[in-house]
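Novice: Below are the chains, spelled out letter by letter.
2 protein chains.
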Amino acid sequence: MSAKEKIYDNEDDEFDGLTAAELEAQHPADAADSIEGLDIMDQVKFIKQLPIKDAADSIAEMEDRDQTLLIQHLNKGLAARIVEQMSPDDATDLLEDLDEDLRHALLKRVPEEERAELKTLLTFDPDTAGGVMNTEVVILDQDLNPDQAIAKLREEVEDKEIPYYAYITDLKDRLVGVVSLREILLAKRGLTLKDLVKTQSLITVGYNIDKEEVAHLIAHYNLLALPVVDFGNRLLGVVTVDDVIDIIHEEASEDMQTMVGAGADETTDSPVVFSVRKRLPWLIINVINSAIAAYVVHLYNDTIAAMAILAALMHIVSNQAGNTGQQALAVMIRQLAMEKFDRKKAWYAVFRELKIGMINGFLISGMVLGLIVAFTGDFKLGACMGIALIFDMLVGSLFGASIPLILKEIGRDPAQASSIFLTTITDAVGFWSFLGLAGLLLL
Amino acid sequence: MSAKEKIYDNEDDEFDGLTAAELEAQHPADAADSIEGLDIMDQVKFIKQLPIKDAADSIAEMEDRDQTLLIQHLNKGLAARIVEQMSPDDATDLLEDLDEDLRHALLKRVPEEERAELKTLLTFDPDTAGGVMNTEVVILDQDLNPDQAIAKLREEVEDKEIPYYAYITDLKDRLVGVVSLREILLAKRGLTLKDLVKTQSLITVGYNIDKEEVAHLIAHYNLLALPVVDFGNRLLGVVTVDDVIDIIHEEASEDMQTMVGAGADETTDSPVVFSVRKRLPWLIINVINSAIAAYVVHLYNDTIAAMAILAALMHIVSNQAGNTGQQALAVMIRQLAMEKFDRKKAWYAVFRELKIGMINGFLISGMVLGLIVAFTGDFKLGACMGIALIFDMLVGSLFGASIPLILKEIGRDPAQASSIFLTTITDAVGFWSFLGLAGLLLL
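Just so you know, the protein sequences line up as chains A and B, in that order.
Start counting the first sequence at 1; every next residue gets the next number (my numbering).
Start counting the second sequence at 1; every next residue gets the next number (my numbering).
Accuracy of the hints is not assured; some may be wrong.
[Stated by the list, open to error] Below, computed lysine-lysine pairings styled on BS3-like, alpha-carbon distance capped at 25 Å:
hint : chain 1 : residue 1 : chain 2 : residue 2
1    : A       : K76       : A       : K152
2    : A       : K188      : B       : K76
3    : B       : K152      : A       : K152
[To be verified] Incomplete in silico selection of chain B near chain A, CB under 10 Å:
hint : residue
4    : L122
5    : F124
6    : K278
7    : W282
8    : L394
The set of hints was computed from the structure by calculation and includes no laboratory data.
For each residue, glycine too, the CB sits at the ideal point set by N, CA and C.
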């Protein structure tokens with residue numbers, strides 16, 4: 001084959017300057033980065049050299065897109081053994097991204113017990129607690145004493161990812177409490193686990209709760225893991241804090257990117273075509289929206305023809321109101337991202353933004369009025385600018401603050417294209433108020 | 001005193017509908033929210049009723065601004081006892097926000113040992129690993145066997161916040177390894193801790209590393225805690241994952257808000273005057289910037305006077321390029337926030353954005369050209385729009401993607417006012433290219 005192929009056969013087994021041994025010695029998270037940087041054929045070759053467990057750990061840390069591509073290029077037997085070695089939540093994430101045929105082919109090759117578990121996990125919506133939970137949980141009998149609990153933990157702990165909490169269930173598998181290793185270590189002799197959890201107010205989530213809500217709860221209560229239960233309060237699994245960090249990162253990217261009509265899940269590694277597909281629809285909507293604002297200008301063609309300077313100045317009005325609105329928008333979207341939604345508090349925050357817009361509006365319009373009068377000596381022109389500015393800045397504050405809330409209330413993503421809609425409003429209102437006033441006062 | 005005062009003296013001791021007992025039974029994070037909702041005099045009254053430890057836990061969970069205000073209203077003796085009961089990192093955060101006199105007064109009342117520790121912690125820059133670390137660390141002797149280690153942990157664990165890792169140091173206090181409770185529980189009899197950490201590649205950070213970098217490391221390696229060391233590799237403390245969640249939240253808010261010139265630390269709870277102060281300077285810069293773009297329009301007064309429709313259409317060009325640039329900007333800022341900075345990769349991402357801008361530019365300009373010709377029959381006008389659009393959209397992609405990198409390279413916050421500067425460029429270039437072309441081709 002090509003020159004590239006030759007590299008695979010050289011003695012050192014070098015991958016992009018690293019030897020296989022060096023790559024293997026890396027932390028799985030670093031190995032994942034290194035693997036992502038390799039050519040796909042090199043990726044396959046490297047994975048084949050790794051112990052299965054190391055391969056599974058490294059692949060679990062790869063970006064979704066790279067992970068899918070790599071699994072598609074492995075032979076199905078190896079891919080299935082890797083899936084089997086992954087923690088169930090990572091395996092589910094991976095399987096979800098594969099096409100149905102490959103998913104079935106891999107599941108068929110996984111031993112019965114793991115297969116049943118993975119199939120159950122695959123039924124949960126990936127954006128809910130059930131979709132991100134880990135099922136490897138240490139469950140302890142409520143009648144154990146602390147020493148027995150530690151002995152039991154020592155037996156159980158081997159296969160479980162994060163055993164910093166153990167869960168206490170009753171005879172019907174219902175969750176009755178959570179103990180941390182810390183509490184077990186601290187517990188007085190003579191007590192049983194039941195005694196430890198007696199007065200506990202247990203924090204749990206239903207499996208169908210949105211994962212962002214789960215992230216809020218874990219952040220709010222500083223938890224390392226949060227138990228996920230079904231409607232009968234039976235323990236299904238736990239969401240761990242490391243998954244929550246990923247959720248918070250994703251959420252922040254989504255908000256920032258969808259606000260201006262980029263894709264929620266775009267990164268600088270996304271293929272160009274992927275990004276074009278995500279952004280183009282919003283750019284088209286933006287053309288339509290700016291055509292609306294342009295139409296408002298068009299209505300005042302005669303005014304502009306009579307006094308062309310207005311075309312320059314109208315831009316200052318709309319731009320300023322747009323910026324004011326975006327400041328309100330950013331603070332509101334972050335508020336919605338970081339705290340549990342509180343309708344009363346949220347609408348009060350709109351009122352707060354109006355006050356800020358009012359004060360900044362007065363100060364900026366005063367400044368602009370002064371500058372216009374100083375430079376042109378035309379007080380009427382300054383007054384038109386000043387009045388239009390403060391009016392449009394108030395409109396910007398009002399809509400910047402309320403667009404995310406309106407989107408939220410109608411069940412949409414509070415950030416989605418909010419900046420695009422805001423700018424349409426501030427542009428149209430700015431052009432209309434300034435050109436309208438100018439037509440009345442100046443001509 | 002006033003009617004308000006009366007409430008304090010009624011029998012139920014009700015606070016905003018909750019009795020003191022109900023408030024006290026809440027999780028500290030919820031109690032903090034409830035306290036923040038109370039009048040400051042009610043806050044003081046409630047805190048006085050709580051056991052000191054509960055008061056400290058709840059106050060530690062409050063927002064910085066509310067926390068400061070409450071401490072200022074407590075008598076110094078009580079405030080000092082609360083500070084003493086807090087974990088050292090929370091106490092340091094609180095003391096940092098107080099004015100110097102009050103800080104000294106409280107420190108003077110804290111017992112010698114805690115005072116020395118707090119004074120040391122206060123010397124670290126609050127935005128670094130040293131500034132966010134917790135000093136309550138479990139340190140174990142490297143010669144212990146697992147059972148001895150567990151026995152020692154049981155003794156030590158009482159005062160320590162998160163004992164999920166224990167740290168192994170040598171005789172000179174240098175860090176030689178980290179063991180998780182999991183590893184201790186799993187360890188074979190006959191081994192010592194030294195054997196457990198022998199082949200470990202230890203992940204640590206220097207105390208002067210930026211806290212966002214610390215957050216990246218913890219997220220990248222899925223750690224629960226990361227040890228902080230001095231230049232001699234002596235263990236100073238650990239940064240825990242719950243603090244990292246706060247750092248990631250703060251970072252996301254900062255990026256989104258400073259991008260449009262709102263304050264990095266504004267929330268919907270900030271006083272109006274605080275927000276006005278943060279935003280007004282950027283609004284003033286935005287006036288200046290939009291005046292520059294307006295000046296470009298002004299240069300083409302004659303062109304506009306001759307053909308007023310241009311004033312409407314130029315807005316579509318600039319708005320479209322602005323949106324294109326903002327999409328690139330959002331993706332780049334998120335990239336810088338989520339990954340370790342990689343100069344080569346970052347500049348390659350600019351190239352990627354140029355390709356996206358090129359494709360979207362062709363498609364959008366083609367569409368706009370078609371629409372203009374369809375509606376006005378004026379091919380030359382359509383061509384002016386199309387050419388200016390694709391040119392300005394490329395400019396938007398280039399600057400949207402590179403402004404954060406340029407800011408980063410000169411040591412500034414990559415997000416700061418980036419949207420404001422971007423819009424100035426896309427507006428000015430859009431007006432210049434469209435009006436200039438129109439002047440040449442149409443008049």
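Novice: Compare the structure with each hint and give your call.
Specialist: How the hints compare with the structure:
no.	hint	result
1	A:K76 to A:K152	37 Å, violated
2	A:K188 to B:K76	36 Å, violated
3	B:K152 to A:K152	20 Å, holds
4	L122	23 Å, violated
5	F124	22 Å, violated
6	K278	9 Å, holds
7	W282	8 Å, holds
8	L394	14 Å, violated
Of the numbered hints stated above, those contradicted by the structure are hints 1, 2, 4, 5, 8, listed in ascending order.
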